[in-house]
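The listed protein sequences derive, respectively, from chains A and B.
Per the UniProt record's numbering, residue 1 is the first one in the first sequence, and the count goes up by one each step.
Per the UniProt record's numbering, residue 1 is the first one in the second sequence, and the count goes up by one each step.
One or more hints might be untrue.
[Unchecked claim] With the C-beta cut set under 7 angstroms, the calculated list includes, among others, these residues of chain B facing chain A:
#1 106
#2 109
#3 114
#4 127
#5 195
#6 260
#7 263
[Claimed, not checked] Here are the in silico distance ranges between beta carbons for each label pair:
#8 A:190 - B:200: 33 to 39 angstroms
#9 B:329 - A:191: 30 to 36 angstroms
#10 A:245 - B:91: 54 to 60 angstroms
#11 A:125 - B:264: 39 to 45 angstroms
#12 A:190 - B:161: 29 to 35 angstroms
These are calculated hints, taken from the structure and not from any lab test.
For glycine and all other residues, C-beta sits at the position ideal for the given N, C-alpha and C.
Given next are the chains, with one letter for each unit.
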Amino acid sequence: MSEGVERSLEPGGAATADAVVVTERAQSASGDERGGLLHGPAARNLGLVIALALLCVVGVVTAGDRFASIDNILTILRLAAITGVLSIGMTFVITGGGIDLSVGSVLGLASVWASTLATQTMAQDTHWIVMVFTALLVGVACGLVNGVLVAYGNVVAFIATLAMMVAARGLAEIISNRQTQRVKVQGFLDFFRDDWLGIPVLVWIFALVSAAGWVLLNRTTFGRRTLAVGGNPEAARLAGIKVKRHTMYLYALAGLTAGIGGVMMLGRTTAGTSTNGMLYELDAIAAVVVGGTLLAGGRGTIVGTVFGVLIFTTLTNVFTLNNLSISAQAIAKGVIIVGAVLLQQRVAARSRAGT
Amino acid sequence: MSAPTRRRWLTLAAGTVALAFVVAGCTSNEPEESEDTATNTAAAPAPGGTSNDEPGDKVVIGFSAPAADHGWMAAITKAAQATAEEYSDVELRVAEATNDTNLQISQIEGFINDGVDAIVLLPFDGAALTDIAIEAMQKGIVVVNVDREFSDPNAARVTVLGDNYGMGVSAGSYICDQLGGKADAKIAEIAGIDSLPLTQDRSQGFADALATCGLEVSNRVPADFTAQGGEAAAANLLQAAPHLDAIWNHDDDQGVGVMAAIEAAGRDEFFMVGGAGSKQVMESIKADDSVLKATVIYPSTQAADGIKLARLVVQGKSMSDLVEVEVPRKIQLFAPVVTKDNVDRYLPTAFES
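Looking at chain A on its own, in the form it has when it is part of the complex (with noise of 0.2 angstroms):
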């Protein structure tokens, strides 16, 4: 947990030195992260690997060999992925000070744009890949008009993405008409239906997602201006930040990633639905917040985040397996939420008095 402390910025005292200075203990600030990351994050994801493991014995014992298969676990990460993707993108904006309440709406605006007779037309003249591009267009323009509403319009994130929520499911509807569009573009379907070496291409994505996703929070300087800006805004702006277009970007990879969701939820289901999507948001901001990122921003776990998916979906699998009532998984996740935002909270003021 110290490790954790360390990792936020302490821009108090930053903002009161040089700008260059700053940088450069930001810079050394996120280099003791890397250095750590082996011992500080592995030390607090502990808790997650205990919980994850508890889940996985306990369905050992409960489902025996229907729970230990090949088979359930491909089930496990098929569900998880397109919720795992989308929250890899909330784990920036929220590691960034903000909250994206749109996700859910945006994916299943895009799902529908990527599947209308018109773009399937265009994709089946030209190439499949039309409707992916659609749908990640889709899902990064819905994250601009956020982005630029929450930095340039200082509309609060809350408001400005609870707007955006609405409004791209009313415009779903509208496109759709309310109804299921079946994707008929065979070449889509078998690439995304598809195994790579026995893993579910959907699988992959996650995959691909969550690692590019570490290598920018952790890896790059996008990542920690990330940091900055939810630990801080002012003090990253006084270091030369580009506060304002940092967060515009935040929200826009939100937005590519609620578009890459579409992309899944059309391969999964091959179907475009206004209904795809609902609610998919709060999921994902109970994964990131349980995987140990801060909902006041400045400290972010990828690494957490994938955790965080795969504790919720294992436990509806579980709860499956075993037969057990929904209303209990409802409490047993609500349990799991609550514990985790009061964990948060020693920590956040265990880490206030440190600085």
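Go by the hints and put chain B onto chain A.
Chain B in isolation, oriented as in the chain A frame:
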């Protein structure tokens, strides 16, 4: 049928509460249920009855349905569970009720991994669940499709459907009978969600039936299957139409709001026909204490029938009331009109809204 829910977790809790009410309301009705359901295959063993109900090979059935954000949908799962409990040879695995097709697909994957004998599935979106249902069928699992049809007939061994067009016809014919050739009768229709095919089917049936006696719908307003939507739609309708002879309301859940609006307006010059067949509406018809004089049924026991049919198919039994050796491919349930005269027959299978 179900309006999209905005808060899944809240709905889970709400659904549970609703379910609890249904439990309280329905427990005494189970014996009648098997007699009244349209597929009379497994009626209690009686003289001249069949051996279909006698325990056979163990059957593991996986069940999945959309979130119970609507009284009718809550009753679907409840009735399925109650029916499964009647059989010692049926083990029912109920998956979390969900309006997320992604999760529902994963539930079916889980059932396939588990090697269940049959899956009874009311898909949130028929098209989205079609591919996984085909996969299950290819693995030798009996898939019974309930209410919302798959987009490929190969995805299910048996399909159990309600009759939306028939609901409209039943309601229209009843109104024709009651108004008996009154030439310029004013008839209003309060529809469900207008863009849904099922709503269009109901309205088409209603218009077709009214046309046979020379009547037509004079005022039509869509609502959204919720009480608050029904209240708003009905309030506007009553403003727009100073005199009415009959109203058909597509859905008894939204009917709660419709009745509230009618009472608020103090109107009683017309009679009203409901839809779907909730217990409250049937009790009101029985008591004859309001403008509600009839309702047309959209059976909430479809999934329960799905359980029975899945069991028969897996055990290699036939529907003994038919000559046919195998269980049929498709069963469409009837949409009868419930009035004061026959309400006792249908009350046991009515759902709590």
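Hint by hint, here is what the structure shows:
The restraint placing residue 106 of chain B at the interface with chain A holds, with a minimum CB-CB distance near 4 angstroms, inside the 7 angstroms limit. For residue 109 of chain B, the interface hint holds, the least distance from its beta-carbon to any beta-carbon of chain A being 4 angstroms, beneath 7 angstroms. The criterion of a C-beta within 7 angstroms of any C-beta in chain A is met by residue 114 of chain B, whose closest approach is roughly 6 angstroms, and the hint holds. Using the Cβ-Cβ criterion of 7 angstroms, the hint placing residue 127 of chain B at the interface with chain A is satisfied: the shortest such distance is roughly 4 angstroms.
Given hint, residue 195 of chain B at the interface with chain A, holds; its Cβ is 4 angstroms from that chain's nearest Cβ, closer than 7 angstroms. Interface hint at residue 260 of chain B: violated, since its Cβ lies 27 angstroms from the closest Cβ of chain A, which is beyond the 7 angstroms cut-off. The beta carbon of residue 263 of chain B is not positioned within 7 angstroms of any beta carbon in chain A (closest approach about 32 angstroms), and the interface hint is therefore violated. In this structure the supplied range 33 to 39 angstroms holds for residue 190 of chain A paired with residue 200 of chain B, their Cβ-Cβ distance being about 34 angstroms.
One distance hint, 30 to 36 angstroms for the beta-carbon pair residue 329 of chain B and residue 191 of chain A, holds here, with the actual separation near 33 angstroms. The beta-carbon spacing between residue 245 of chain A and residue 91 of chain B, approximately 59 angstroms, falls within the hinted interval of 54 to 60 angstroms. Residue 125 of chain A and residue 264 of chain B have their C-beta atoms about 57 angstroms apart, which leaves the hinted 39 to 45 angstroms range violated. With their beta carbons about 32 angstroms apart, residue 190 of chain A and residue 161 of chain B fall inside the hinted range of 29 to 35 angstroms.
Checked against the numbered hints above, the structure breaks hints 6, 7 and 11 and satisfies the rest.
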